[in-house]
Amino acid sequence: MSQKPNTLRSGPDDTGHFGIFGGRFVAETLMPLILELEAAYEAAKADPAYAAELENLNTYYTGRPSPLYFAERLTEQLGGAKIYFKRDELNHTGSHKINNCLGQILLAKRMGKTRIIAETGAGQHGVATATVCARFGLPCVVYMGATDVERQAPNVFRMKLLGAEVIPVTAGAGTLKDAMNEALRDWVTNVDDTYYLIGTAAGPHPYPEMVRDFQSVIGRETREQIMEAEGRLPDALVAAVGGGSNAIGLFHPFLDDPDVQMWGVEAGGLGLEGDEHCASLNAGRPGVLHGNRTYLLQDDDGQIYEGHSISAGLDYPGIGPEHSWLNDIGRVTYVPIMDNEALDAFQMLTRVEGIIPALEPAHALAQVIKLAPKMDKDKIIVMNLCGRGDKDVFTVGKILGYDI
Amino acid sequence: MSPTDGTRIDHRFAACAKEGRPALVTFITAGDPDFDTSLAILKSLPDAGADVIELGMPFSDPMAEGPTIQLASQRALAAGQTMKKTLAMVRSFRENDVETPIVLMGYYNPIYAYGNDAFLKDAREAGVDGLIIVDLPPEEDEELCIPAIKAGINFIRLATPTTDDHRLPAVLANTSGFVYYVSITGITGTATPDAHRVAEAVTRIKGHTKLPVAVGFGVKSAAQASEIGRNADGVVVGSAIVNAVRASLDAENRATETTVSAVTQLVADLARGVRAARSQAAE
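Chains as they are written, first to last, in my numbering: chain E, 3 to 406; chain X, 920 to 1202.
Treat the hints with care, as some may be off.
As the list claims (entries may be wrong) - Using C-beta positions, here's what the derived DEER-type ranges look like: (1) E:112 <-> X:1171: 48 to 54 angstroms; (2) X:1088 <-> E:167: 37 to 43 angstroms; (3) X:1007 <-> E:165: 48 to 54 angstroms; (4) X:926 <-> E:165: 50 to 56 angstroms; (5) X:1125 <-> E:301: 41 to 47 angstroms; (6) X:1109 <-> E:396: 32 to 38 angstroms; (7) E:61 <-> X:1166: 54 to 60 angstroms; (8) E:234 <-> X:1109: 57 to 63 angstroms; (9) X:1109 <-> E:226: 48 to 54 angstroms.
Unchecked claim - To be clear about the criterion: a stretch of chain E counts as covered by chain X if any three or more of its residues have a C-beta under 8 angstroms from a C-beta of chain X, and this derived list gives those stretches: (10) 22–33; (11) 181–190.
In short, the hints are calculated from the structure, not lab data. Where a beta carbon is used, it is the ideal one built from N, C-alpha and C, also for glycine.
Model the full structure from these sequences, guided by the hints.
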């Protein structure tokens, strides 16, 4: 069948917009670089050799396809819909972040760039970036909020082992947004040789599209795997959203299947009443930051809040522009999950299935725990288990009162 | 051009050109370190020798700024500065000065949050002459640039070392008032521009436009201002002035007796610098 006239999968438009969201709100110094990147990405997409190299790395370096796992005990315990996990936590480096990093580092190489910079929150993207830089022999600088450097010490050490330089950012509250500001400042200073490897489906066009394309391998595999396992598409997809790259990767290949419901799970932090959360879609409003228009947590004067989440990977006051659009057209339902709900889900999965999830997908799991019992037993939920929890055992231990 | 044509910015650059010298464009952050002190600094700038004033609208995430202006933004926001207060400063300034151009400089989100139409109307009424919005490249002209021009406010574009001849016409297309040449690839107040390369770039830009070209990012001293001003139509000094503010503050970042004079002394020194820029050529 040819492309449907009213597909939800054709965005962004030529100027990088999903509805009113997205765009290219960057300083003039960066604008030529962004246009160069867009052209390079278009050329790479048309080159079969590029796709073949990426697929080879996905298979033999990352370990794709990741399994689609039927969580039998959890399904029994919740007593409703059948629950499947897309196990991207089994990827090399422990999360979905590697999917995007491999795609972009191959692009950086094609463009002749010799230095890689990245921002990181939880450190998963930083580790994945440091990993591909080691693999391809390129110097790597990772900007990380000073607060995150402290609470994600194992990942900081991993990045250093991999040869990356980790620069703690003390501006603001020292979290992901501040790290992204600093990475942009580096890029604007080192325009000739540097490639900015953005970790989520946000930032100026073409990043949201490009990162989504690299992460869509998750949804494409899920389609094939669920057809094989169940002979039909799932009834619901659930994924955590910070910037939203794992979620858009799972959702995008299903957007034109109206019977597949989708849930994006935001970090509700300590609750949506104050500003101790990161629920941009549920409690923010449209604004412009980091190169795109999207929902942002901000005050009446347009100053951006820092946000709060137990999970450093969700600790971002914005969200990818395609999610803002999917929210406004009602295709995806975005719900908040509080810190304590995520923590309960984290412990439940560990005990019931023997899988320690990262705190980010623990938010998605908390939503699955709410949904599944209300659905019939012949219904199917697929959740993106996008990261493993090794990095979080110290954070969780501290909260549970264990002295590690 | 008859005296009634053009904006305050056009008139001021024309007047400086007639004097055979570049314009001194001075930047301060609105509300740094507090509203009253910042207003006093603003009002003192023309007498100290500033020809054009850039008034920074503080933002929580100033992506193109070095540490100096980042911290000034934080001081201003901590002291309660808002967009309404920034516009109130301009209104107050205009009570005594109807000639010195004021250009608001900053980032798009605080304007977008205020509401673009309301902002342009209020800015125009307050006496704002131009806007420099760092994160609005020509690709996003429909957002604010075109509406600003329609509202009678100049939209001043940044041209940078990465803006090549192929791209320059797009950058200049909807620019008015003057062109702001960013002398380095980088953030404000960090690297020192290479005067020779800046001169080449200014000449290149002038080949594409009749607008005055002002040069900024990294100009710190009167001597540098003098050197850059040899062929630029304006010299922008920002971080050095903001540093003078900061150096005058007490340990709790509060203004002291010397805060205003620290700025006026530096600006007077810079004003002598731009006046010396072409003295040899004039002789």
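These are the hints, each one checked on the structure:
The hinted window of 48 to 54 angstroms between residue 112 of chain E and residue 1171 of chain X holds, with their beta carbons roughly 53 angstroms apart. The hint said 37 to 43 angstroms for the Cβ distance between residue 1088 of chain X and residue 167 of chain E, and at roughly 39 angstroms that hint holds. At roughly 52 angstroms, the beta-carbon separation of residue 1007 of chain X and residue 165 of chain E lies within the given 48 to 54 angstroms, and the hint holds. About 54 angstroms separates the C-beta atoms of residue 926 of chain X and residue 165 of chain E, a value consistent with the hinted range of 50 to 56 angstroms.
Distance hint check for residue 1125 of chain X and residue 301 of chain E: the Cβ-Cβ separation is about 42 angstroms, which falls inside the suggested range of 41 to 47 angstroms. With their beta carbons about 36 angstroms apart, residue 1109 of chain X and residue 396 of chain E fall inside the hinted range of 32 to 38 angstroms. Residue 61 of chain E and residue 1166 of chain X have their C-beta atoms about 59 angstroms apart, which keeps the hinted 54 to 60 angstroms range intact. The beta-carbon spacing between residue 234 of chain E and residue 1109 of chain X, approximately 58 angstroms, falls within the hinted interval of 57 to 63 angstroms.
At roughly 51 angstroms, the beta-carbon separation of residue 1109 of chain X and residue 226 of chain E lies within the given 48 to 54 angstroms, and the hint holds. Coverage of the segment 22–33 of chain E by chain X holds in this model, with 9 residues showing a Cβ closer than 8 angstroms to a Cβ of that chain against a need of three. Proximity of the segment 181–190 of chain E to chain X, defined as three or more residues with a beta carbon under 8 angstroms from a beta carbon of that chain, is established by the 4 residues found.
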